[in-house]
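Visitor: We have chain A; now place chain B onto it with these hints.
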Amino acid sequence: MNGLWYATQPLLDCIRPRYKDWNDTPESTIPILRRLSKAAMHELWHQRLCHPGETVVASAVSRTSEGVPTLTNGRNAFFKCDACTRAKMKRTAKSTKHMTRESSVYGAGQMFYVDFGFVRGSDYHMKDKGGRIITSRDGYHS
Amino acid sequence: MLSKNKDPPVDFVRDFLATHKDRNCPVIRVRTDQGGELCASNEFILEPTGAGDPAQNGKAESPNKIFGKMMRGMLYNAGLGSEFWSYALLHAVYVKNRLPHSALHMQRSSYEAYTGGKPNLSLL
Numbered sequence: 026m027n028g029l030w031y032a033t034q035p036l037l038d039c040i041r042p043r044y045k046d047w048n049d050t051p052e053s054t055i056p057i058l059r060r061l062s063k064a065a066m067h068e069l070w071h072q073r074l075c076h077p078g079e080t081v082v083a084s085a086v087s088r089t090s091e092g093v094p095t096l097t098n099g100r101n102a103f104f105k106c107d108a109c110t111r112a113k114m115k116r117t118a119k120s121t122k123h124m125t126r127e128s129s130v131y132g133a134g135q136m137f138y139v140d141f142g143f144v145r146g147s148d149y150h151m152k153d154k155g156g157r158i159i160t161s162r163d164g165y166h167s
Numbered sequence: 477m478l479s480k481n482k483d484p485p486v487d488f489v490r491d492f493l494a495t496h497k498d499r500n501c502p503v504i505r506v507r508t509d510q511g512g513e514l515c516a517s518n519e520f521i522l523e524p525t526g527a528g529d530p531a532q533n534g535k536a537e538s539p540n541k542i543f544g545k546m547m548r549g550m551l552y553n554a555g556l557g558s559e560f561w562s563y564a565l566l567h568a569v570y571v572k573n574r575l576p577h578s579a580l581h582m583q584r585s586s587y588e589a590y591t592g593g594k595p596n597l598s599l600l
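So the protein sequences, as listed, match chains A and B.
The working numbering applies: residue 26 is where the first sequence begins, and numbers increase by one.
The working numbering applies: residue 477 is where the second sequence begins, and numbers increase by one.
In isolation and in its complexed conformation, chain A is listed as follows (with noise of 0.2 Å):
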């Protein structure tokens, strides 16, 4: 039973008999326990470890150390983790007045970034003064 597990269902009726044949389990004991998917383990020792990148939860850290499994697949973590975009604000809004809604945000597309700041370089040579950069979660610029 190596790696993490979680229960779908109380703990008391996680203790039952498990090695039993498959055709006399009645229908209340089948899977109670089900694994953490390997994306879901890279999700996990990513905010473990204080939100590292990519290479060091990958790789790095099973070789450095015990105790940390090894961790090759579900390599998205780095780049879906909210708390990492966040983490590099260090300030936050303080009024509400513009925010028309609070919303936590998962998933390429769904969240774009608009600067309506002065955008230098471009408005040197540009006669439409209005240019601004919108970036999106992807990387995509328009």
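To be clear, the hints were calculated from the coordinates, so they are not data collected in a lab.
These numbers were taken from a predicted model, which means no experiment stands behind them.
Take every hint as true, because none was put in to throw you off.
The following label-pair restraints were derived from C-beta to C-beta distances:
1. A:R88 with B:N481: 35 to 45 Å
2. A:R88 with B:F560: 30 to 40 Å
3. B:D487 with A:S62: 46 to 56 Å
4. A:E79 with B:T591: 19 to 29 Å
5. A:A65 with B:F560: 19 to 29 Å
6. B:A536 with A:T80: 16 to 26 Å
7. A:E79 with B:A554: 14 to 24 Å
8. A:S84 with B:G526: 36 to 46 Å
9. B:D487 with A:E79: 33 to 43 Å
With a cut-off of at most 25 Å between alpha-carbon atoms, the simulated DSS-like pairs for lysine-lysine come out as follows:
10. B:K482 with B:K572
11. B:K572 with B:K594
12. B:K535 with A:K113
13. B:K545 with B:K572
14. B:K572 with B:K535
15. A:K113 with B:K541
16. A:K115 with B:K572
17. B:K480 with A:K115
18. B:K482 with A:K115
19. B:K545 with A:K113
20. B:K572 with B:K480
21. B:K482 with B:K545
22. B:K541 with A:K115
23. A:K113 with B:K572
24. B:K480 with B:K541
Below, a sample of chain B positions facing chain A; criterion: calculated Cβ distance under 8 Å:
25. N553
26. A568
27. R574
28. L575
Note that CB positions come from ideal geometry on N, CA and C, so glycine has one too.
Guide: Below, chain B alone, put in the same frame as chain A:
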């Protein structure tokens, strides 16, 4: 060890440097910012930065950025407020010492380079 006030921990730094002299690691030069608190001692050669240029002290300033990111990431992920920053900072230092370091070619952690044994992270 977080001090309550902003006085520089001069005695702590002096003890730290003195113990590392004993570990066959001769500390000859110490780069500081323009604080000048260590100037009283003649044990080390001080190399202060130029005035108004803290970027020359980048080795000492970059952990401010790194630990800030780790700290804020943990707090956001746990849904805690910013009043728990000191606990998060101490834990970030604990974890960062046990992660592989790029100056050691990502092959060893700072903990292993200092003590010689591999860190055990199973209790995280």
